[in-house]
Structure formats: structure tokens, C-alpha cells
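Residue numbers (the working numbering), protein chains in the order written: chain A, 2 to 115; chain B, 2 to 115.
Treat the hints with caution; some may be incorrect.
Which copy is meant is left open, so a pair is good if it fits within one copy or across any two.
With a straight-line Cα cutoff of 30 Å, these simulated DSS-like cross-link-like pairs (lysine-lysine) come out [as the list claims (entries may be wrong)]:
id, residue 1, residue 2
1, Lys79, Lys95
2, Lys17, Lys95
3, Lys17, Lys31
4, Lys31, Lys114
The set of hints was computed from the structure by calculation and includes no laboratory data. Bear in mind the structure is a predicted one, so any value in this text is a computation, not a measurement.
So you can see what is in the structure, the chains are spelled out below.
2 protein chains.
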Amino acid sequence: MATEHSAETASGATPKVCPHFHAAVELVGKRWSGAILSTLSERPCRFGELSHGVPGMSDRLLSQRLRELEAEGLVERKVEPGAPVRVSYSLTIKGADLDPALRELRVWGQRWKT
Amino acid sequence: MATEHSAETASGATPKVCPHFHAAVELVGKRWSGAILSTLSERPCRFGELSHGVPGMSDRLLSQRLRELEAEGLVERKVEPGAPVRVSYSLTIKGADLDPALRELRVWGQRWKT
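The whole structure should be built from the sequences, with the hints applied where relevant.
In C-alpha cells, the structure reads:
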């Protein structure tokens, strides 16, 4: 007997999730990453600005996420010469290319007031 | 002296993340949720089909995510009458309205091969 958890398939092949889509949504959706990317899509920011722009996120987690986003090639860390030394974060071309997706998510969030 | 972690702001107000966007990205980005929504955007699926469509996800976690997405009003659970009883999952209007965002993420994922 087929139950709710049966692996039986309906007519037609089971749709398979594209692994690149899956990786993308897991990357952007990782806790706080979307918020960081969205803030940086406005303009390059310094660490403190990001910390202010995304309330509720600890500095420790912000550091970690920035390192991850840098490693994924979405965020670029720039040391501005001078005294005092300043570090700013900006989106790479790959990161900025997420803008249409983030914009659609923003539209959806505002429409449905999640 | 300003350090990397200084809260000092640059010229202009710090961009603040829209709370609705933040909620949306955290919802869609929760582990496996994007993959489930993407699979259901193809057509309604039964539990076993979803389990096959999203390899690597345990049935326990799939059950949990489906309940969460149902509670958020993105997924509808329908019991099809008959013997054996069949349960299918489909997107609500709110869930289907995520399609443009998921499509953009798919385009991005395929372009950048994340």
C-alpha cells in the first residue's frame, strides 16, 4: 500500500533539483549572508557599517560570513592605505550579479510581509 | 584609532536591511527549503517524489521542512481521496510567487557554477 512516505512516483520523471541552483540558494540563504550581500549591493561598507546595517548579527558571525563570502568570490576585502588603516568590503562582479535575485526576493518579501 | 571593527560610519547613512527581505531570504535559504520549493515549482509532488528530487535530504528533515513551509503558507498539503490515500504537496499562490526569485538564483547558479 502506498503511504504518504512512499517512494512511488507519479506519471512523469521526478523533477531533480539543479545542483548549481541548490548550491546558490544554500550560499545566499546561509544565516545572514543574504542580508550582508543586500547591504553591500547598496555600496561598499566598512565592518562597523555592516554590523549596524544588519541588526542582531554578532561581530563574530559577521567576520565569519565575510570570510566565507570572500572565499566564494562574492565579496572583496580592500585595505585602504592611510592612517588609520581602513578596511572596506564590496561585491565582486560575481556578487553583484546576484542583484536580480536579491531584488526579486525583496519584492516578494515586501509583497507578502513575511 | 579606527580599526577594521570600528563602528564608525562613512559619509551617508548606513544602509539598513529591509526586515521583510531578511525574513524572505532566511525562509527560502533555510537548508533544503529552496530545493523543495524549486521542485514544487515544476509540478505538485508526493513525498517520495520530493525525497527523490532532492538527493541528500533525510525524510525526517523533508517532513519538518514541509510542515514549516505549510505553516508559512508557501506549501499546501492535499489528501487525494481513494485507496490508497495519497498526499500531494503543491505551492500556494504565495509560494508560486517566489518563482521569479528562484529563477534568477537558478540563472546565477548556472552562470557561475557555484
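Structure versus earlier hints, numbers of those that do not hold, lowest first = none
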